[in-house]
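So the chains spell out like this:
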Amino acid sequence: MNTPTAAAGGLQARPRPGRPVAAVGVRPGVWLAAALVLGFLLLFMVLPVGRVFYTAFVEADGTPTVGHFVAFFSQGLMKESFLNSLYVASVSSIFAALIAVPLAYFTVRFDFRGAILIQTLGVLPLIMPPFVGAVAMQLIFGRSGSLNLLLGEWFGVTLPIMEGLNGVIFVESIHYFPFILMNLTVALRNIDGAMEEAAMNLGCRGWRLFWRVIFPLALPGFVAGASLVFVKVFDDLGTPLVLGQTNLLAPQAYLRITQVGLEDPMGYVISVIMIVFSIAAMALSARVLKGRDYATTQKGGGSIRRRRLSPLGALAAYAWIGAVLLIVLSPHLGVLLLSLAQVWSFSPLPDAYTLAHYATVFQDSSGMIKNTLLYCSLAAGLDVILGVTIAYLIFRTTLPARQWLDWIATASLAVPGIVLAIGFLRLYKGITLPGTDTLLTSTWVMIMLAYAVRRLPYALRSCVAALQQVHVSLEEAAESLGATKLRTIRRVLVPLMAGGILAGFVTSFITAAVELSATILLTSAESQAPMSYGIYLYMQSVAGRGPGAALGVLAIVVVAIGTYLSHGVVERTQSRFAPSAKEAQA
Amino acid sequence: MKKVSVQCRHVRLSYGSTEVLKDVDLDIEPGEFFALLGPSGSGKSTLLRLIAGFSRQQSGEVLIDGVDISAQPPWSRNIGMVFQSYALWPHLSVWDNVAFGLVERRVDRATVRHKVGAALELVGLSAFGDRRPNQLSGGQQQRVALARTIVIEPQVLLLDEPLSNLDKTLRVQMRQELLSMQRRLGLTTIFVTHDQEEAMTTADRMAVLDQGVVQQVGAPATLYDDPVNTFVANFVGTMNLLPGRVHAAGTPAATLQVDGVGDLPLPAQMSAPADERQMLGFRPQSLQMTDAGAARDPQWLWMSGRVEASEFLGEFTRYRVRVGPHSVAVDQTHHAGQHKFAVDGDVSLGLAPSQLRWLSD
Amino acid sequence: MFKRMLVASTLAAAVFAAQAGTVTVVTSFPKELTRIYKTAFEKANPGIKVEILNKNTIQGIAYVRELPVGQRPDIFWASAPDAFEVLAGQKLLDNVAALANKAAPAKVGNYPINNPQGLYLGQALAGYGLMWNTRYMAANKLPAPHQWADLMKPVYFGHVAISSPSRSGTTHLTVETMLQGEGWDKGWHQVLQIAGNCAAVTERSFGVPDGVNNGQFGIGLVVDFFGLAGKYSGFPVEFIYPDVTAVVPANIGLVAGGKNADEAKKFIAFAVSQEGQQLLYDPKISRLPILPPEAMDGKTPKGYPNPFEIAKRAKVHFNSDLSESRYNVVSALFDQTITFRLKELQAATKAIHAAEAALAKTPNPKAAALLKEARDAAFTPVVDAGKVADREFLAVFAASKKDAAVNKRVTALEDHWNTSARQNYERAKALAEQALAR
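Protein chains in written order, with the numbering used here: chain L, 1 to 586; chain A, 1001 to 1361; chain H, 2001 to 2438.
Isolated chain L, as found in the complex:
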């Protein structure tokens, strides 16, 4: 399955290099490609992050010290922020799991027409621009939001859903649960039906069947998704910032850097701690997944049998899905209402509606839309080029230490956007573009590169999955007929990988389009601003809420259309090529 969401999902499935490709030494072209890739990764990920680490560990004059770390741990506020971040990330993962697991199970187990609904659920939350989504949630679930106003009126109670850290947990769970949903669904689908039948044959059924056999077999998918949710919530800046919860690590880092300037060491200390923890979480999950490669669909086997739902069961299932869908779509609904609202204050619904905000946006924001399209396409393009190159280097060459390319590229998942931005600003401070005296850090190239670096893991996973579906014998056949390596790649490999490449491109694109953490720090001028930054700007003023929401709706629409189209193209290219790929694999 090479759809963009599955690509986003299949992030931690770690394939082994597979059958060793016989080669007499390593060709010069391979070295060149590896050098270019490594150069990119070094310049735009390793070194900036390294700079951050460096600054955290030195005095103003350059002597090494752990003083800053001591200062960090001796500050009650910092300790509190750290614990809060851990707490929020863990609880969000749990809630996300609670939402995702039943949904995944429904899709795979039962025969019902809600499947398309669930697929939508898998994508929609991910394409919500962070800032405006949280604002909308406030309007609906906040202390004077629609829900509480109605509850207060009817029942005299209010639910503090958005109070304090609860608000952050709520918004983050809803935003990120698709990672678990997609990963778990794929893992469940890969379970050989015989596993389940064997258990049933021995007397096992219902909940026990799920708990003893099915879930353990799908555990790798679950862990992959859950660890991803954990890391992303741990590192998230936008949502806590909007909800005013600053007692968390990412907001604290942001506040320190923007308040005191790039020289404040505390911001770097926080950054280092964030990275270390993210990597630890990912390493832990990799260790849990090790040796548990349960992809077991065997020749002649199908996946878990589908069942019909009893009418009562169907009702319950639809009700649950409906409820989840409603909650998950509430930010989108909220944003839509806000974009059309004239005045929405202390009432369940806006007072009056208007299209004026859209007019404002279309007037003002064609530049921003253009910017988003430009930066995100370039970044995504760069990502798939790098992704294909790295995948090829790993699986088709005998380059020494080539796994490092994969690890370094994937490590950028653990680098919070804000840390990367800080790293860029610090490392490239004062460097000008050759020939002009424009600062590199004040150009949009930095923004685009930050996107490319942070989105690379998604594209890479897609390209790796796509490459693995093309049996090496297909390339060998081409070479035996006289095609050089490069021509083989161009004429055989890339067309067969097209589906996966496109999936990677789209995933990179849509996640870059709603990125805010790095954007906020790297965008200096309004004319450079992409849509996500534009929304942030709009949200800074009274008259800007409507247009900000309108821009948010535009962003969602653009991204949704992109995803939908790509799904279609991916399906079509896969069905065109899949039979040959599958046969080659049999």
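Below 20 Å or equal to it, Euclidean Cα-Cα: the simulated EDC-like pairs (lysine to aspartate or glutamate) are:
id	chain 1	residue 1	chain 2	residue 2
1	H	2043	L	364
2	L	429	H	2066
3	H	2408	L	59
4	H	2049	L	364
5	H	2408	L	263
6	L	79	H	2415
7	L	370	H	2051
8	L	290	A	1130
9	H	2408	L	61
10	H	2343	L	163
11	H	2038	L	364
12	H	2231	L	351
13	H	2055	L	263
14	H	2350	L	163
15	H	2343	L	80
16	H	2141	L	153
17	A	1002	A	1032
18	H	2408	L	80
Since the hints were derived computationally from the structure, they do not count as laboratory data.
Based on these hints, arrange chains A and H on the given structure of chain L.
Chains A and H only, in chain L's frame:
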């Protein structure tokens, strides 16, 4: 363990508009090792899964020990099934795999330990309790799968192509082990395979299925020697088939008019249905091949032909002899130094009356 | 990879082309204001492009400071005067006295509109006040407030919002105004009580009016144009100036070492001209011009506040030197004892209110004594007036944080305040509960 019988009465199963099992009737004796043999798509696996409870027939009954179990879900039928892929759970150790069914039945720890130990010993894997399935070879995995089902003491054992994933030598060894274990336990066993050699060497009786219909049921030798139709004849062993018509049956002038060959005089002892189109069937090894000019036994049916090809198979040599428009397979047991018939040589093929079969299409 | 080279070269070309005739403005003002000025200026001056860099005040200062000469933005345009003092102190501003609008008065109240040294000009006037959501107040049956001090009343518990001085130049000004108006100790006493009634301390100054606008909070301490803009945009909100308020100018200055000083001067001149000042009347902006209503050609909307009248009424004469000297201390103190300890402060305040209410019904001298103790514990600042006048103490906070030793000291102090505050609040809560129990 008590030996129980398994019966299917007028079982019909359709998926949508496709009929997969058509009026299946089977009677399996208690303690029997019964094979379901057929090509893919014949419905044999479907029938097995039906008995296991993974699908439900539209009409008909399935009886175990005289009781109709059609309405019972798979988990309450107490039938053990070994899957083609073995379906060992990779996240559980061998021990836990085998203990699974007992745990499900809430058996106490001590009993579990005892029974699992015994089952593992029975299949010769006592030392492997701690291993994971992916650390075992194919043969070992199969034994674990067996142990897993045996340990719950099922009434019936179902085996779905259990040997197809093994290589040849292992297969031969395993089928013997399966058989001896079954004899020891006395379990009624139903065994699905597409390999007639497997079925013939192990089954007490077998049923041949084609497209959802039971073609013939009987002991292997019966099916081999007396197939009821050309399908069974071709499926169980190799059968030469010549279409023809008998004229003047029972008289000294009886002839078999074989299409494209001409009239072959029928020896008097050969009984034959009169005046109907028939397929003359005979096994390759039942033909006597001589050089063209050699003497012909008048008790036998003789044909003339020309050797087209010969394949040396070690135990025997198979010749392809062209008789008219037909290609006839002739097997000759091989021993060192034996006379070989040359390709393009003319030969006579002789058939003893007792080896002849008349088959309808 | 050649794709990147292509991109880089087109980029270089584009950026280079943009340089000629561009004025870069660093500002904390929102989009609607900057857009209106940009459009109007570009219309009057074809050939000059205005590039807006949106940064909040503190971010803006850091940004300007870190750029080398010749790379800096041209103009700094923000609300808080102390920000300009900081920039001036670091020699980052050029003299712009020549660009001042002669029609503008020298002072508003006691406060000079243009910097006496000529380093920056007043561009608009702003006061500080209270903004509330009428629907919220009606639903919760709250009376409209008139003075800051009103917000200390128990009835407003959980309904107020404020931003933090460290995040918002205007909030810093508000707090500093209260401190200067009532004196350090009493001022903090008030600030803490008001904060105790707060539901939230928002991350940015806009968070307060935003929250009041959409009904999340009942009352907020805001700059006047936030309140007025909200009202004129149709939100169910009201705004008033309390007596303790200062009217201070929002300023515009020319950054030393900017890229395009000549054309930037034109923009500054435009911004303070009558034409530029009239733009402030736009309902979306709702700010007060530096020119008195008489000089505005009758374009002043009816009922529009007159800053000069308000300033005359105001009781406080804002001393920006004093503010600058203790800038960081005030910010840090507020954050450590209020922003990051809000939960505990709220809990203590709630207990105190409850005890007070009970006491009002059934007076009890012992309980009253306990209650007084509780109040003292909760609402006394951890740094007293004497300490904050100490030069050495202030110097610590002004020093660079990169120095690990300084960083450590500052961190230690901050941590000390944080912990003391927490202890105080918890003690206060306990005492109040005791008082209640009697």
